[in-house]
Amino acid sequence: MNDGLADFIIRALAAGILVALLTGALGVFIIWRRMAYFGDTLSHASLLGVSLGFVLGISVNISIIAVSLIVALLMAAMQHKRHLSNDTLLGILAHSSLSLGLVALAFVEGVKVDLNAWLFGDILAVSSQDLGSFALMTVLVLGTLLFIWKPLLSLTVHEDLARVEGVNVTLVSTVYTLLVALTIAIGMKVIGALLISSLLVIPAAAARKLSRTPGEMTIISMLIASLAVCLGFLTSYLWDTPTGPSIVLMASLIFVILHILPINRGQ
Amino acid sequence: MSDSLTSPALASLEDISLSLGHRTILRDVSLTLYQGSILTVIGPNGAGKSTLLRILLGLQQADSGHVYRRAGLRIGYVPQKVQIDNHMPLTVQDFVQLGRKKRAPHLTQVLNEVGASHLLSASVQSLSGGEFQRVLLARALLRDPQLLVLDEPAQGVDVNGQAQLYQLIDRLVKEHQFSVIMVSHDLHLVMANTDKVLCLNQHICCSGHPEDVSNHPEYMDLFGDSSATAGIGVYTHHHDHAHELDGHICPLNGDACKAQTHE
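If you read the sequences in order, they're chains P and X. The first sequence begins at 148 in the working numbering and counts up by one. The second sequence begins at 3 in the working numbering and counts up by one.
Among the clues, some could well be false.
[Unchecked claim] A partial selection of chain X residues facing chain P, derived with a Cβ cut-off under 8 angstroms:
1) Leu75
2) Ile77
3) Val84
4) Asp87
5) His89
6) Pro91
7) Leu92
8) Thr93
9) Phe97
10) Gly101
11) Leu129
12) Ile206
13) Cys207
FYI, nobody ran anything at the bench for these hints, they're computed from the structure. A virtual CB, placed ideally from N, CA and C, is assigned to each residue, including glycine.
Please work from the sequences and hints to get the whole structure.
Right, dumping it as structure tokens:
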């Protein structure tokens with residue numbers, strides 16, 4: 148019987164959909180708050196977590212999460228310093244941490260690290276243990292997002308107005324940043340450090356024309372991201388294309404189609 | 003005002019100073035806001051008017067001085083620039099309720115009050131300047147404020163709309179009895195409705211009743227005296243009709259003007 152094969156395909160697909168639900172939901176705020184570059188920086192930096200895991204000989208999953216959270220908090224703190232423009236700062240941080248991660252990997256002896264898997268994802272390598280922790284984290288992240296939904300939406304629309312109306316802006320946006328960090332940590336394994344931020348941006352952007360309210364846009368973005376994962380998986384299965392890039396291409400295809408079609412529910 | 007002495011202050015600023023780099027933004031500014039009164043802050047561009055409001059609201063820290071807001075004070079704030087990203091689908095009814103924890107049962111009533119009920123399900127990006135200011139007022143009103151803080155409420159609104167907007171604010175104050183602190187660059191527009199004017203240019207140049215301020219030498223230095231502006235020959239004329247928010251024409255003498263057909 149070949150159920151070992153069927154199992155790992157189902158596991159992979161399930162992991163992909165979990166990541167899609169996360170990036171789809173958090174991604175709408177990424178584009179509303181114009182944080183696309185922020186997501187990019189965070190995912191580049193998370194590669195440092197991989198290296199650190201190997202160098203220190205600890206679980207890579209844990210070191211990715213730890214590094215993502217630390218970098219996210221650093222970036223949140225740096226946003227208030229205005230010496231350099233945010234774009235410049237993020238650009239420096241993104242590529243220096245990516246390079247640091249790559250250089251550090253070169254020092255790891257005895258372990259052969261599959262760099263490709265971390266840069267572009269290796270969805271078929273998801274173990275059932277991974278899947279269990281992904282599911283748990285997905286519930287945690289989406290639950291927290293639901294909990295902070297209204298204040299987060301309010302500060303996204305207008306930060307000062309939200310502050311005057313009693314929203315703890317610093318707390319809520321830090322929590323949101325941490326949710327993005329967790330999502331990237333999970334998504335890295337599935338779709339890779341270089342591509343994960345595209346799943347934050349593309350489905351959300353594609354959902355815009357179909358939505359009339361922020362809530363609608365979030366749900367539709369999650370659905371589009373999941374659809375992209377399924378279609379990308381299918382092309383990868385049929386034509387043996389790399390899975391991560393196929394998923395991103397499918398998301399882009401959905402975006403382009405929706406933009407060409409003469410539909411516009413949200414004006 | 004006589005009752006200013008008896009009613010407790012809602013909020014006050016004491017000797018507020020702020021510099022950014024070597025530039026003085028505010029120097030020793032004090033003011034007190036009492037129940038049911040309208041205070042207007044006027045001053046040229048860069049006078050520190052908005053900064054003053056931000057300090058009062060706790061959005062910005064002063065270098066020195068003391069900020070007092072009565073505990074539990076409900077503030078309705080209409081900020082200066084509100085730009086909502088085109089990527090966010092947001093209707094007026096969703097926008098105005100962002101400032102509340104629960105849905106507002108009196109939502110349509112409040113939108114009616116500011117003349118924006120026909121915009122209920124319009125997207126916020128489609129609003130004109132005047133419409134957006136009304137919607138912002140509605141959001142502030144939904145919080146049942148004791149103090150209304152308005153930062154250039156008439157900016158981005160054409161001249162006719164500005165007068166209407168100030169009339170609306172005046173009417174709301176009479177009905178709701180809240181206090182208002184408002185920033186404006188045009189004393190003449192707000193003159194009729196304000197109790198006290200504070201003329202700001204980093205420091206308080208002069209303050210008092212609007213007529214007194216408009217004759218004050220420091221005010222004239224900043225804004226030019228009225229005989230000089232009269233010399234420019236601003237063309238003033240009166241319309242025999244006005245337009246409702248939705249564009250309907252209504253006669254100026256008739257006070258009720260509800261959805262008449264346009265000839």
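Check your understanding: Minimum Cβ distance from Leu129(X) to chain P below 8 angstroms?
Key -> violated (11 angstroms)
Practice item. May I ask you to test the interface hint for Thr93(X) with respect to chain P, counting a Cβ-Cβ separation under 8 angstroms as satisfied? Key: Hint on Thr93(X): holds, closest Cβ of chain P at ~7 angstroms, below 8 angstroms.
Review point. Any CB of chain P closer than 8 angstroms to the CB of Val84(X)?
Key: holds (6 angstroms)
**Study point:** Hinted contact Gly101(X) with chain P - closest CB pair below 8 angstroms
**Key:** holds (4 angstroms)
Check your understanding: Taking the closest Cβ pair, is Ile206(X) under 8 angstroms from chain P?
Key -> violated (24 angstroms)
Practice item. Double-check Leu75(X) for me: the hint is only fine if its C-beta lies closer than 8 angstroms to a C-beta in chain P. Key: Status violated, d = 11 angstroms.
Practice item. Let me know if the C-beta of Asp87(X) comes in closer than 8 angstroms to any C-beta of chain P, holds or violated. Key: Hint on Asp87(X): holds, closest Cβ of chain P at ~5 angstroms, below 8 angstroms.
**Study point:** When the least beta-carbon distance from Pro91(X) to chain P is tested against 8 angstroms, hint result
**Key:** holds (4 angstroms)
Point to revise | Hint check: 8 angstroms Cβ-Cβ cutoff, Phe97(X) to chain P | key: The hint holds - Phe97(X) has a Cβ within 8 angstroms of chain P, the shortest such distance being about 7 angstroms.
Review point. When the nearest CB of chain P is found for Leu92(X), is that gap smaller than 8 angstroms?
Key: With a closest approach of 6 angstroms, the Leu92(X) hint holds.
**Study point:** Hint validity - Ile77(X) Cβ closer than 8 angstroms to any chain P Cβ
**Key:** holds (6 angstroms)
Exercise for review: Verify the interface restraint on His89(X): the C-beta must sit less than 8 angstroms from at least one C-beta of chain P.
Suggested key: holds (5 angstroms)
Of the numbered hints given earlier, the model fails hints 1, 11, 12 and 13; all others are met.
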